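Chain by chain, the residues run as shown.
Number of protein chains: 2
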Amino acid sequence: MAGKKVLIVYAHQEPRSFNGSLKKVAEEELSRQGCSVTVSDLYAMNFEPRATRKDIDGAFSNPEFFSYAVEAYEASKKKSLARDILDEQKKVLEADLVIFQFPLYWLSVPAIMKGWMDRVLCQGFAFDFPGFHDSGFFKGKRALLSLTTGGTAEMYTKTGTIGDYRNFLWLLQYGVLHFCGFEVLASQISYAPGLATEEERKGMVASWAQRLKNIWMEEPINCTLP
Amino acid sequence: MAGKKVLIVYAHQEPRSFNGSLKKVAEEELSRQGCSVTVSDLYAMNFEPRATRKDIDGAFSNPEFFSYAVEAYEASKKKSLARDILDEQKKVLEADLVIFQFPLYWLSVPAIMKGWMDRVLCQGFAFDFPGFHDSGFFKGKRALLSLTTGGTAEMYTKTGTIGDYRNFLWLLQYGVLHFCGFEVLASQISYAPGLATEEERKGMVASWAQRLKNIWMEEPINCTLP
Chain A
1 MAGKKVLIVY AHQEPRSFNG SLKKVAEEEL SRQGCSVTVS DLYAMNFEPR
51 ATRKDIDGAF SNPEFFSYAV EAYEASKKKS LARDILDEQK KVLEADLVIF
101 QFPLYWLSVP AIMKGWMDRV LCQGFAFDFP GFHDSGFFKG KRALLSLTTG
151 GTAEMYTKTG TIGDYRNFLW LLQYGVLHFC GFEVLASQIS YAPGLATEEE
201 RKGMVASWAQ RLKNIWMEEP INCTLP
Chain B
1001 MAGKKVLIVY AHQEPRSFNG SLKKVAEEEL SRQGCSVTVS DLYAMNFEPR
1051 ATRKDIDGAF SNPEFFSYAV EAYEASKKKS LARDILDEQK KVLEADLVIF
1101 QFPLYWLSVP AIMKGWMDRV LCQGFAFDFP GFHDSGFFKG KRALLSLTTG
1151 GTAEMYTKTG TIGDYRNFLW LLQYGVLHFC GFEVLASQIS YAPGLATEEE
1201 RKGMVASWAQ RLKNIWMEEP INCTLP
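Chains as they are written, first to last, in our numbering: chain A, 1 to 226; chain B, 1001 to 1226.
For the record, the hints were derived by calculation from the structure and aren't laboratory data.
Just so it is clear, the structure is predicted and the values come from calculations on it, not from any experiment.
Any given hint could be a false lead.
Claimed, not checked - Here are some of the chain B residues that sit facing chain A, going by a computed Cβ distance under 10 angstroms:
#1 1042
#2 1066
#3 1113
#4 1170
Where a beta carbon is used, it is the ideal one built from N, C-alpha and C, also for glycine.
Chain A extracted, bound-state conformation (with noise of 0.2 angstroms):
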């Protein structure tokens, strides 16, 4: 799919980790394909997580009584927010496809990926009401978690430890990125990589290869409840 445009989204403190191999990987593979990537490594760029003042850059709409919910829809609509959250939507806005590559930390997003949606994807940019869900404003693109695990594929499952993945998956596939308007491609989960052998991370990554070289041909999954 020559000329379609990728975001990846990247949040790992280790170039060499399992992460960075399958973000690596594709960036290698879509290229291959033809395909624009750009990556956001947050932690290189050492991203800031925290929604503050700092984000509205010139007059608030209430200086006396600070609400950074009401400050960024504005700035949003005047396109005063922060060069660092302009800059993201730029690339957001530019994107067929946005790849959300982390590690699962609390069963969510890293701090530092959490803060990039809580300040990138602000409403005025990335929906409004009306305009969410089908509506939303990313409708048209595409959103794929890909994340890795610390413990293994069974203690994910309803009976297992931790509990059913996909109560987790729930929040960010249907609450985050469909609430934005994206049509959500099934999550690509590596379970317990730092407990694989060599040869069995070789073949997670070798299959999230394998995959992204249909991507383009992938049906959105429905991310209602399980």
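Given the coordinates of chain A, assemble chain B onto it according to the supplied hints.
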């Protein structure tokens, strides 16, 4: 319950906000009871949400390949985590009850509070294998989420726009707090203060203060899935 210790982990940028009022009334009511109340005001502290190499104070267990989980676990055992993490851990160890006061961001805690969870509640300090859920390290302590929402109560029901609130509360209550052994008290949800009248907001603050009068008599909830 004179003598009890309470930690309020608080995430709002504006002291005069509704979240600020809930935090203030909790401080007042619990102090009135003779409890000792500590507040971690995350934005005021400019709390660091990013989990990085800087969190390890001393030599890495593996300097060639940085794994945050591995290094934080080892550093936790040697008490060589960064000063700001140790400070928060000390507050948790001393507390009989931890209250998390925050506005819901993307059906979860704001990134600054997610960072507190990612960095403070590390393996070796909050849990281990074995040593989680009923044998989590904070057995005997209690925790409670007090959150505000942008949407109305109806939106967070099974047939509402966003979906059943118990699905995202499960992740924090069961997946994070109870995983560390906390006994979890029912969440205090203040719906849509931004859409409420001043009178209604006062009512919500008063009802929180009223609940806190008998907070030490409450039974923990069963925080499995709905």
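Here is how each hint holds up against the structure:
With a cut of 10 angstroms, the hint placing residue 1042 of chain B at the interface with chain A holds, because the nearest CB-to-CB distance is about 8 angstroms. The beta carbon of residue 1066 of chain B is positioned within 10 angstroms of a beta carbon in chain A (closest approach about 4 angstroms), and the interface hint is therefore held. Checking residue 1113 of chain B against chain A: minimum C-beta separation of about 8 angstroms stays under 10 angstroms; hint holds. Interface restraint check for residue 1170 of chain B: the shortest CB-CB distance to chain A comes to about 6 angstroms, inside 10 angstroms, so the restraint holds.
In summary, this structure violates none of the numbered hints.
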